[in-house]
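> Given next are the chains, with one letter for each unit.
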Amino acid sequence: MKVFKASLLILRRRAAQVAVYFFMFTAMFIIIASFTSQQVATDFSAVRPSFTVVNRDQDTPLTDGLLEFLRERGTERVFPDEKKALQDATFFHATEYILIIPEGFDQSVWSGSPLSLEAVSVPGTGKSYYLDSLANQYWNFVNVYHKANPSLSRADISEMALEALSMETSVEMVRFSDSRPIGELYESYNRVQSYILIVLTLLCVTSITMSFRRPDLHMRNLCAPITTRQKNLGLFLYCALVGFIVWLLTTAVGFFVSLPTLQGADGRLVALLFLNSFLYTLTALSIAMLLNYFISNPNTQNAIVNFLGLALSFLGGAFVPLEFLSEGLRAVSRFTPVYWYSEAVSDICRLTVLNKESLAPVWRSFAMELAFAIAILCLALAVGKSKNKAEKSFGSIRTEIEM
Amino acid sequence: MIHVENLVKRYGKLVALDHFNLDVKDGEIFGLLGPNGSGKTTAINCILSLLTYDKGEITLFGKPMSPTNYESKRKIGVVPQNVAVFNELTVYENIDYFCSLYVPDKAKRKPLVEEAIAFAGLSDYRKFLPKKLSGGLLRRLNIACGIAHKPDLIFLDEPTVAVDPQSRNNILEGIKALNASGTTVVYTSHYMEEVEQLCSRIMIMDKGRAIATGTKEELTALIHTGEKLTVEADGLPLSVLEQIRNLPDVLRADYAEGHLKADCKGYGHPVIDVLDLLRQSGVHFGQVYSEPPTLNDVFLEITGKQLRD
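Chains as they are written, first to last, in this note's numbering: chain Z, 1 to 403; chain E, 404 to 712.
Okay, chain Z solo, but in the shape it has when bound (with noise of 0.2 Å):
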């Protein structure tokens, strides 16, 4: 317990380092789920463009109606019917668009062969497509309605086609993620949890055995009576104690933050996927415990940390989608851990059946997870051994006597 104990001080006094990560990590999270909650738009105004009708031809129900219409949706300006004065008005923005109805319009439309209409606009403005769009709906209602019933009258034939018009559809947004069993906010928090539980862990983890592994320090605790399995054991004990709280804590910070995400979520999810994270937790206390052997100063180590913390998560679809990922790096991506965790974040937040079929997925990744801890663990302890019989000095001694 002496070593659990030392270890808890040295770390302590790292706090500070640790800390920068954590509240980091948590700020950046919090700061994307703000952005990430605030509320969709989910009405508009329409603009009100204005204009002006110059009617050369005589005043009829058909251009009553036409001015109606455009009065419903813009805004009116009136000018004389003076080619100086209609260019002022477009020069000066006082109107946006000009609509020219020709003499003889009126019957040409009821005679089946409409004369084209003429139209000005103030250049590089959406308005003006806008509005001649409107001016054509309405013509084309007025065609389809004459030519579909000849025996009404400019009135009637006016009058539905501003019905017709006047007619909406209400369209109701619907959001994918709102039918998902777990919340998107959630599954990407999972996701980017990957990068700052290995990243945590490392930094924990090799803050202590980077003191311990120091020559002369190892020395001194070679000479005390203390066996190699107790200080093993305090080792142990302090890593199995820091990874549980890395994980805690990143694991509670992401599921309070996510909360309001989470009404309604299926509590057997969560728990899956807080399994998830606690195995992750194992694989990287495994790649802690191996790097340690690598890792000799605070240099080396926040170099070692954040390098392989990036990459491990990048390639592992933490922070890109893996679909956005080249082919190549999606096969090596599969040798990594980071990996089966996203794997398995993104079967858990899309099952909405649980059964032996549906949870397969899930479990072929956990058992991957727990293969990667075993086999990297099993390598630190090969790569222990050997560099104890390299240094060739401590801990051992030949009692060969030259008789």
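Simulated from the structure, these hints should not be mistaken for laboratory data.
Every residue gets a Cβ at the ideal spot worked out from N, C-alpha and C, and that includes glycine.
Please note: incorrect hints may appear among the correct ones.
Between beta-carbon pairs, the in silico distance windows are [claimed, not checked]:
| # | chain 1 | residue 1 | chain 2 | residue 2 | range |
| --- | --- | --- | --- | --- | --- |
| 1 | E | Lys534 | Z | Phe324 | 43 to 49 Å |
| 2 | E | Gly524 | Z | Ala382 | 45 to 51 Å |
| 3 | E | Glu620 | Z | Lys387 | 48 to 54 Å |
| 4 | E | Thr462 | Z | Arg229 | 23 to 29 Å |
| 5 | E | Glu621 | Z | Thr300 | 34 to 40 Å |
| 6 | E | Thr633 | Z | Tyr293 | 58 to 64 Å |
| 7 | Z | Leu237 | E | Lys428 | 40 to 46 Å |
| 8 | Z | Asp216 | E | Ala510 | 28 to 34 Å |
| 9 | Z | Ala382 | E | Thr462 | 35 to 41 Å |
| 10 | E | Ala510 | Z | Thr300 | 49 to 55 Å |
| 11 | Z | Thr228 | E | Ala565 | 28 to 34 Å |
| 12 | Z | Arg229 | E | Lys534 | 41 to 47 Å |
| 13 | E | Ala565 | Z | Ala382 | 36 to 42 Å |
Based on these hints, arrange chain E on the given structure of chain Z.
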């Protein structure tokens, strides 16, 4: 207390310890003196079972020493050459941690830690981290970590390297106090003055071998060189210098920069003879100094080189 017989340690082709023998008695301060690379630290590391060795036998407290001889380890304190403390722990926490490896009971440990802090003069620095301490204070912390559990036998491996004179004196006084309380001390150094001042018995080492062992007096008696005479004299003629060289108790004599320097034979005292000769020759002389032979002279005569070469 310590018995080492025919210890051989090789690093490849280099023989670090060559049939090294050592006997340290209960209650003494035993000094291992030798230049850098003479095998002092290797010898200690082998005795402590920190290093494997090729041949030999090591017995501590009457029992063969091995990495698993925890009973003997419990009675040993080690102060390594380099300052071996945790940079992240305070002075108190460091001493408490190393003491806890020997004394698990917190209640028993606390007074021991306090005593070690007072002994090392670190009372004002108990909450300091090592990086805030000066070189001398760090060395004292290093010592406090090694002695806090009140061991019967302490190994001090060059504890005064890179320490200012004041701290060095404090450390040496502390070691004497430890010995006075009954602790056996094995002290390695390449500073002969320290070893002369501190140790009751001394072993001089070179190239992994023990070349002489005994008290300071026994060691200086081993050599032909006796006291060293220095006389301030103006214009010493060559003929007079020759006469001085021919005196029966003078081994060597040289004259340079107004100083006559003469090495005397082991038990000879030719001071009066030299001064009479100078007076008779009409040579005016000023101050006269006489120094007894040092361990460096012993080392020089046996190995043909200086201790600090």
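> Next, verify each hint and record whether it holds.
Now for the hints, and whether the structure bears them out:
1. E:Lys534 - Z:Phe324: 43 to 49 Å: 46 Å, holds
2. E:Gly524 - Z:Ala382: 45 to 51 Å: For Gly524 (chain E) and Ala382 (chain Z) the Cβ distance comes to about 47 Å; the hint holds.
3. E:Glu620 - Z:Lys387: 48 to 54 Å: 49 Å, holds
4. E:Thr462 - Z:Arg229: 23 to 29 Å: Since the Cβ atoms of Thr462 (chain E) and Arg229 (chain Z) sit about 26 Å apart, the hinted range of 23 to 29 Å holds.
5. E:Glu621 - Z:Thr300: 34 to 40 Å: 52 Å, violated
6. E:Thr633 - Z:Tyr293: 58 to 64 Å: Distance hint for Thr633 (chain E), Tyr293 (chain Z) holds at roughly 59 Å.
7. Z:Leu237 - E:Lys428: 40 to 46 Å: 43 Å, holds
8. Z:Asp216 - E:Ala510: 28 to 34 Å: For Asp216 (chain Z) and Ala510 (chain E) the Cβ distance comes to about 30 Å; the hint holds.
9. Z:Ala382 - E:Thr462: 35 to 41 Å: Check passed, 36 Å falls within 35 to 41 Å.
10. E:Ala510 - Z:Thr300: 49 to 55 Å: Given range 49 to 55 Å: violated, Cβ gap about 41 Å.
11. Z:Thr228 - E:Ala565: 28 to 34 Å: Holds - the Cβ-Cβ distance for Thr228 (chain Z) and Ala565 (chain E), about 32 Å, lies within 28 to 34 Å.
12. Z:Arg229 - E:Lys534: 41 to 47 Å: 32 Å, violated
13. E:Ala565 - Z:Ala382: 36 to 42 Å: 40 Å, holds
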